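Peer 1: Chain residues, written in single-letter form:
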Amino acid sequence: MDFHQLWTILSTPDNVPIVLLLFVVPFYTWYAMRQAFANDRLIAELEANPEMAKTHHRKVQAWKPGWAREVHVWPYLLRIEFLAAIIVTVILMVWSITLNAPLEEPSNPTLTMNPAKAPWYFLGLQEMLVYFDPWMAGVVMPSLIIVGLIVIPYIDTNPLGSGYYTYKQRKFSILTFIFGFIVLWVSMIVIGTLIRGPGWMWFWPGTTWDHNRLIFEVNRDLPDIFGITGRVAKIIFGAIVTGLYGVGAGVLMHKLITWTPFNRKIYARMSVLQYVVMQTFLIIMLALPVKILIRLLFRIKYIWVTPWFNI
Amino acid sequence: MADTKGNTDGKPPAGSGNGAAGGNGGGNGAASGKLAAVMAGAKAVQAKAAEELKETIKAPEKTDVWKSVLRVKHDETPRSRALGVLSNVFLHLHPAKINRDAVAYNYTWGMGGMTFYVYITLVFTGTLLMFYYHPSKVVAFRDILYLENDVPFGKLLRNMHRWGAHLMVIMVELHMFRVFLTGSYKKPREFNWVVGVLLLVLTLLLSFTGYLLPDDQLGFWAVTVGTNMARATPLLGNQGPFGPQLGMTPFNDVRFGLLGGSIVDSNALLRAYIWHCVAIPIIASAFMVVHFWRVRKDGGISGPSPVVLASEIKDVKKL
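Which chain is which? The protein sequence lines are A and B, in order.
When we follow the working numbering, the leftmost residue of the first sequence carries the number 4, and every step to the right adds one.
When we follow the working numbering, the leftmost residue of the second sequence carries the number 400, and every step to the right adds one.
These are computed hints drawn from the structure, not numbers from a lab.
Note that the coordinates shown come from a computational prediction; the quantities given were computed from them, not determined experimentally.
Backbone N, C-alpha and C fix where the C-beta goes; we use that ideal spot for every residue, glycine too.
Possibly wrong hints are sitting among the right ones.
[To be verified] Derived EDC-like pairs (lysine to aspartate or glutamate); straight-line CA-CA distance at most 20 Å: (1) K713/B with E50/A; (2) K453/B with D463/B; (3) K268/A with E711/B.
[Stated by the list, open to error] Not the full set, but computed from the structure, chain B residues with beta-carbon under 8 Å of chain A: (4) G483; (5) L490; (6) P613; (7) A631.
Could you put the whole structure together from the sequences, leaning on the hints where they help?
Peer 2: Printed below as a string of structure tokens:
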């Protein structure tokens, strides 16, 4: 156990946000889910008791007849905003007094940093460079993330859960988002920041960053395993395998989308266009963990090898 | 000095007519009488001024100056409370009243508002930093050293800008997380979610363009790694799929356009500086205006709203 190395990584000024992230993301996930479960209990109670549903104010927050449903912004909201501004200022001040912003040597194109890391919020994408070519990890994926986020409101046909925390009414969408945000985005950032060392090699927390370490990885392409050597044959083979993945993932996703009677009800509200867009993004999203797994388990680098691009 | 109500009746201040009172006398007696009258007049003016001043201090809200600035009464009536928010340019994006449960921290986490506050802090510290920084390869790094070691509070300023930027990225992501989990992107707020996603991208770009500006090894290599990806852009990058086939070289592809050259050098520094300090803040501010406007126009904050039961959704007719 090399505590010095661990401390060096954790206390690097630019890594402090990640350490912060390690605490705030689980905290707020718990904070949200706690409210979601509280609402779900209320929903179950109201579903079981239609009479109560007619008269209940339908919130877990306390409310009594005669109470105003709205309060004045001044002072009830503005005082909180002013307080929040003061607290944020104090936090930022204390943080800035106690910890200095990093400043390395003057830039030197002839002296490569090892590891050369992007800013922390792009480390998820840099981590993807291990599994995908730069055009995928650096260009296609960020674009798909942006477009994928943008289409969310237009493909989510579930009318429930608007304006309150809930889990049971939106299981599929919440699990999908948590998978994308926490598993694919935050945890990849954490791996890229805290675990990847020189040569972008995997160093478990507590092990020493050995700059001379070499890993002899023999990564093969899928067509080579099947003994396919011709260029055209490789293109066709790759296209078939990728197509098969698309069909398989699509079927799996369809099963998930129509898993429960409630899910089928939501599915019935979808237009064909909405369904196709949703399937496309889900299949691509699932491709990430699939590619990571086949790389780690079977040491397969590319599935689809062509002269112009490799996937 | 505030002009008080006492003056509105048009009467000239007492003692102003004393010149005529002493006019018919002569010699020493007359002169001293005149002097006494003037003194008495001055005293009266002084007393009047003191009284006006006292009134002004006692009730400044009654002066015309005060009224001209604040326009409405600030007493405890509901009307004044509402007007105090609605007639104030900085607060007018707030409604007069708000859902009683929305003011609790647990629903919104305050992330959107705090993100905006941190953005203002960043604009403020960033503007101050601009006074000490030249976006030029020769002096950029030296400016940072100067800022850290010689400029009063320079180090604090730079630290606040740096950590504020990180904080803003974290807060934006948490804000998006909250908006998703509360389903706040659903009808009629779909488009505001889109604006929010664009603001997230702009936040990341702001942070990224600022990374290069100290011109140290950290920023240089981070931006090198980042922009090398642009080389691999499909169709538009010299190493991307179908890029070479379309005639892309290191000197005409999308990376060249981003950096203003084929390597991260002085042109890249200047471009990062202008994107960071001028272009993206303007674009982001415009989107923020739309974002906040739409929050109000789409019905204000989304909740906490009463729960809807699955048995209550109406089946929609399909096309």
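Peer 1: What hints, given by number in increasing order, does this structure fail?
Peer 2: none
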